[in-house]
Structures are given as structure tokens and as C-alpha cells.
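Letter by letter, the chains look like this.
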Amino acid sequence: KQEVTQIPAALSVPEGENLVLNCSFTDSAIYNLQWFRQDPGKGLTSLLLIQSSQREQTSGRLNASLDKSSGRSTLYIAASQPGDSATYLCAVNPNAGNMLTFGGGTRLMVKP
Amino acid sequence: EPEVTQTPSHQVTQMGQEVILRCVPISNHLYFYWYRQILGQKVEFLVSFYNNEISEKSEIFDDQFSVERPDGSNFTLKIRSTKLEDSAMYFCASKREQGRWNTEAFFGQGTRLTVV
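Taken in sequence, the protein lines are chains R and E. With the working numbering applied, the first sequence covers 1 to 112. With the working numbering applied, the second sequence covers 113 to 228.
Derived from the structure by calculation, the hints contain no laboratory data. Model, not experiment: these values are computed from the prediction. C-beta atoms are modelled at their ideal positions from N, C-alpha and C, and glycine is treated no differently. Possibly wrong hints are sitting among the right ones.
Unchecked claim - 30 angstroms max Cα-Cα, derived DSSO-like pairs, lysine-lysine:
#1 E/Lys169 to R/Lys68
#2 E/Lys154 to E/Lys169
#3 R/Lys68 to E/Lys190
#4 R/Lys42 to R/Lys1
#5 E/Lys169 to R/Lys1
#6 R/Lys1 to E/Lys190
#7 E/Lys190 to E/Lys169
#8 R/Lys111 to E/Lys169
#9 R/Lys111 to E/Lys190
#10 E/Lys190 to E/Lys154
#11 E/Lys169 to R/Lys42
#12 R/Lys1 to R/Lys111
Said to hold, decoys possible - Covered stretches of chain R (in silico footprint by chain E; criterion: 3 or more residues with CB under 8 angstroms from a CB of chain E, positions within the stretch not fixed):
#13 25-38
#14 45-52
#15 92-99
#16 102-112
Claimed, not checked - Residues of chain E placed beyond 10 angstroms of chain R at every Cβ, according to the derived structure:
#17 Gln126
#18 Asn164
#19 Glu180
#20 Thr226
Next comes chain R alone, as it looks inside the complex:
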């Protein structure tokens, strides 16, 4: 059974810092991995989708990497801003299955 873990569970950084969020998964047989942002009490906003054949995907200040064989992905946020404060979730889509399996999220606070 696929398990997705995110470390750290919470992170507090000063504004302007570059940071890395980690996601690991136990079964490397995945089609893709998706990163989401969730604001308190709100829905999930898709940030980046990395297909299993890709190593990296970029959108603005965000860069996500994928190492499928080792079951790891990272989300790099450059020059963090207070508006980046939210919970970041990663989710994998397995080859055998039409659903996403989510990690528990990293709660990020960026202090001005």
C-alpha cells in the first residue's frame, strides 16, 4: 500500500529565505506526483505536476524535483514571502489506480 510522508510537518522561516519541502513515497510505480497548496479551511490549489518521466518542473519561484527510483520529491521555494504561508501537500498517482494518495502536509509560516 502506498504511503506518502512529508517532512517537516511544520516550518517557520523569515521572509526572503529559500526553503525546501520534502516528500517521500514507498512505491515508485507512479504516473506522476502533484504538489498542492492549502490555505486554512480552504480547498487545494494545484501548484505543479511532475510526470514520472520528468526530473523537474518549475513555476515562478517554485521548483519541484522528482527522483522516482528513490521515492522522493522536493519542492523548492525561492525568496519566500509572507503570502507563501500555507500548508503544502504532495500527492502521488499510482500506476495501478485512479486516485491520489496524499502526504500529511508541511505547514509553512513565513514571517515578515
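Go by the hints and put chain E onto chain R.
Only chain E this time, still in chain R's reference frame:
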């Protein structure tokens, strides 16, 4: 920009009552999903729906749950007899493609269900 819309945003119901949560997926999407998130816990998959039938469901999705696409735009989740433990945020999601040509999943803003 196209988005997944869910109604209502918040629903309070008494234990044992039936509730219907509604979703309008993105119009050219073919795959539809319901997920839930109990407060403080992970987002969990409930069911996927394609070509007017359930394609997969989790062990959470028991006989108390059902899904329907009653017309060309709406996608509903019905809980027949709600229990206290059904209290959660329910998310609808849609996707254009699955499998080898997998595309991004887009989520709605959620319906917060409170069972009292």
C-alpha cells in the same frame, strides 16, 4: 480560468439524515473524484467516476455512500444516513486524462460537513 465549484460551502445536518453534496467539474474533464479530509488528518480518496460509472472506490466508500452524475454538468455525493464520524471537509476533483497521459487534478473549495 475554469474551476471546480462545490455547493454548499458548509452543511450542518443531524445524525441519521441524508445529505447530498454537489459539484460542477470543469467542463471538458472526463474523470471525477470525491475526497475527504477529517480535521487534522490527511486528504483521503473516496471514489472515482468515469464514463458514468464508478471506476474505483476506497474502503471508506461503503453502502452509505453513492455518487451520481444526474446531468451533463453536476456530480453529486450522497450520504444516506450520516454518522458523527462523517464530519469532514469533502472535496470534489476532476481531471481531463488518467493513466499514461495523466493530467493535473483540479480540486474544488470543499464542502464542510458537520454532523451533530
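Okay, the hints, checked on the actual structure:
Restraint check for lysine 169 of chain E and lysine 68 of chain R: the C-alpha separation of about 26 angstroms stays at or below 30 angstroms, so the hint holds. In summary, the hint linking lysine 154 of chain E to lysine 169 of chain E is supported, as the alpha carbons are separated by about 17 angstroms, within the 30 angstroms threshold. Under the criterion of a C-alpha separation no larger than 30 angstroms, the hint pairing lysine 68 of chain R with lysine 190 of chain E is inconsistent with the structure, at around 37 angstroms. For the hint linking lysine 42 of chain R to lysine 1 of chain R, the alpha-carbon distance of about 28 angstroms falls within 30 angstroms, and the restraint holds.
For a cut-off of 30 angstroms, the pair hint linking lysine 169 of chain E to lysine 1 of chain R stands: about 15 angstroms separates their Cα positions. Restraint check for lysine 1 of chain R and lysine 190 of chain E: satisfied, since their Cα atoms lie roughly 27 angstroms apart, inside the 30 angstroms limit. Distance check on the hinted pair: lysine 190 of chain E and lysine 169 of chain E sit about 14 angstroms apart at the alpha-carbon level, within 30 angstroms; holds. Using a Cα cut-off of 30 angstroms, the hinted pair lysine 111 of chain R and lysine 169 of chain E is violated, with the two alpha carbons roughly 41 angstroms apart.
Taking the CA atoms of lysine 111 of chain R and lysine 190 of chain E, the gap is near 42 angstroms; set against the 30 angstroms cutoff, the hint is violated. Between lysine 190 of chain E and lysine 154 of chain E the CA atoms are separated by roughly 21 angstroms; this keeps the pair inside 30 angstroms, and the hint holds. Straight-line distance between C-alpha atoms of lysine 169 of chain E and lysine 42 of chain R comes to about 24 angstroms, which keeps the hinted pair within the 30 angstroms bound. Distance restraint check for lysine 1 of chain R and lysine 111 of chain R: the Cα-Cα separation of roughly 38 angstroms exceeds the 30 angstroms cut-off, and the hinted pair is therefore not satisfied.
Coverage of the region 25-38 of chain R by chain E holds. Counting CB-CB distances below 8 angstroms, 4 residues qualify, and the rule asks for three or more. Note: the region 45-52 of chain R has 4 residues with beta-carbon separation from chain E under 8 angstroms; the three-residue rule is met and the coverage holds. Residues of the region 92-99 of chain R lying with their CB closer than 8 angstroms to a CB of chain E number 4, which satisfies the three-residue condition for coverage. Coverage of the region 102-112 of chain R by chain E holds in this model, with 4 residues showing a Cβ closer than 8 angstroms to a Cβ of that chain against a need of three.
The Cβ of glutamine 126 of chain E lies farther than 10 angstroms from every Cβ of chain R, with a closest approach of about 23 angstroms, so its non-interface assignment holds. Listed as outside the interface, asparagine 164 of chain E is consistent with that label: its C-beta sits roughly 15 angstroms from the nearest C-beta of chain R, beyond the 10 angstroms cut-off. Every beta carbon of chain R lies more than 10 angstroms from that of glutamate 180 of chain E, the smallest distance being close to 18 angstroms; the non-interface claim holds. With a minimum CB-CB distance of about 13 angstroms to chain R, threonine 226 of chain E clears the 10 angstroms threshold, and the non-interface call stands.
When each numbered hint is compared with the structure, violations occur for hints 3, 8, 9, 12.
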